[in-house]
Amino acid sequence: MATFSFELVSPERLVFSGQVTEVIVPGTEGEFGVTAGHAPFISTLSAGILTVKGDGADKRLFVRGGFAEANPAGLTVLAEQATPVETFDRAALQQLIKDAQEDVADARSDESRQKAERNLADLQQVAAILDLGAAPAAH
Amino acid sequence: MASLKDLRNRIASVKATQKITKAMQMVAAAKLRRAQLAAEAARPYAERMESVLGNIASGMTLSSDTPLLLSGTGKDEKHMLLVCTSERGLCGAFNTSIVRFARERANLLIGQGKDVKFFCVGRKGYDQLRRLYPGQIVELVDLRSVRTLGFVNAREIAEKIIDRFNKGEFDVCTLFYAHYKSVISQIPTAQQLIPATFPEKAEGVAAAVYDYEPEESEILADLLPRNVAVQVFRALLENQASFYGSQMSAMDNATRNAGDMIKKQTLIYNRTRQAQITKELIEIISGAEAL
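Just so you know, the sequences run in chain order A and C.
With the working numbering applied, the first sequence covers 1 to 139.
With the working numbering applied, the second sequence covers 140 to 430.
Among the hints, a few may not be true.
One side of the interface only, derived from the structure: several residues of chain A facing chain C at Cβ under 7 Å [claimed, not checked]:
(1) Val9
(2) Glu29
(3) Ser43
(4) Leu78
Because the hints were derived from the structure by calculation, they are not lab data.
This structure is a prediction, so every number in the text was calculated from the model and none was measured.
For glycine and all other residues, C-beta sits at the position ideal for the given N, C-alpha and C.
Next comes chain C alone, as it looks inside the complex:
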């Protein structure tokens, strides 16, 4: 049986932990708001980019001089999985669920006899994947030192990807991130980056006939690499919002659990204290009766 002092210490330590998780929850809530705003602010750019590219791409017939970023290499043998996770933990199942989703896809592809490689953004996913697929991770981009995510970060990643694509290291690139739905729901999502895909245009919306300057193919050559960067940027922002959402609910749970534990421990503490008092009283009374 733990002594009263042990119990007191235990309660104090749980209280300290509760304070930390509470503080982390509030910090995550504040940062989540900022991350959400950033994700919203980035939306118009990505949407416009998508619609213009979709417009051009749908009007083009695939030929031999179509940029490879759009048409693909024509093969489906080597896959690159770009897995975006966070740099820090204490965020519930956030990283695990992204990694699990990527892993399921990877195992499916490997089962079909395809060649799978990983490109990791964020330390946490790298640590998990490294154990499962040693030697298949080609690169890790560490964003730990980045304070606010800028478009520059996304462009650097996109440049590395495109560079590897141009060297013929892979045929298909898929991006994995967590789509932010709400604080309690972040959905691991896969999106094909290369070859580029565009949502089907809504029926009935007549596309205006545009004049292009320079040629359509040149615009495509200029825009497709940019589009990769934009998609990566969007994924990073979504991921960040998801991370804070996930962290917030994880810390909320932790705070509540700590509260429960404090209640339970306090009850045990009080019971033990009373039992001790009762025991002492019995001892005094039986001592007095013996006289």
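In isolation and in its complexed conformation, chain A is listed as follows:
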């Protein structure tokens, strides 16, 4: 399968850089997969799990806030936070969910409430996915 170059960058450092075959990105308007030769495309990110498929096992990372840019040279994802699922702290996620719930409660305008609710739903989905992912590993 054709590979393309993929970079995952957080403000603090370059998290991932290399050749991959497919990346699944949680976009604001739904998840999308990127393979080699994707059309030039920019999308913002929602909180969710980003999956990198390349040699060996798939890598899964929790990403939050930022955007993805696909161009002929490859795919670049700029995320405010990018943590591998394996090292991701459940307590941190719980904290994020709690913050999101407070945001929903504090939201003054309809627009900001909608945004906050979306964010909360995304985070809860991540929590659900992670718990499902953890269950088979337990036994």
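Could you slot chain C onto chain A? The hints should help.
Leaving out everything else, chain C in the frame of chain A:
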């Protein structure tokens, strides 16, 4: 004339100071390396952000629903100067040069009849500006308790700035920090944060036509506040590297000065000691001759 004991004490005290400055220099050197690495690691993010935003912004025509962070309020009356300095001293002219640069800009603006306010990050700059512009400092962000600078710190500052902007407290925001060039050279730099500015795109590089999801304007609304945070983060990291660079060379100077002083004092000490011996010898000899 100081006694021999006084001289000895003085030399000992300078030696102790020299040890401290030497240690501080080495600590600053170690931290400088880390700060440089952090600044380098943060570079790709800021660059990508800039290029994407520049791409979108250059393709957009300014209209009434353009986000204010990009187009500005259309006025140029109230200025906010975001001055980033350090929390600690003993770093040569680092803080002073940033403050002086900000002050020159402020005086220029005040001379033009504009309204100037300050937003300080770092205690040292605040202390200096407070004397010059009492009542014009709207906020101080203290990063003293922060061990390693994270993006979170920058985002908090950016949120405060954007909040004030949305309340209409200012029209233009300029960021002041020291750009790290080398250990001996840190350049005070001003950068306009709001309205956002982007470097002109290089000629001949054809921008790809992108599909946007969601709409361009929504992406802009999401990215512009982030961009403020990224710029602040970059400034903070640059500042940190500059601070350690400045501290390192200041402490290097101090160590050398202390060495010079020890040499000088030791010379005086030895001279005084010999003069005393000579004096005692003369006394003994003239006493013996008198017999």
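Evaluated hints:
no.: 1; hint: Val9; result: holds, 5 Å
no.: 2; hint: Glu29; result: holds, 5 Å
no.: 3; hint: Ser43; result: holds, 4 Å
no.: 4; hint: Leu78; result: holds, 6 Å
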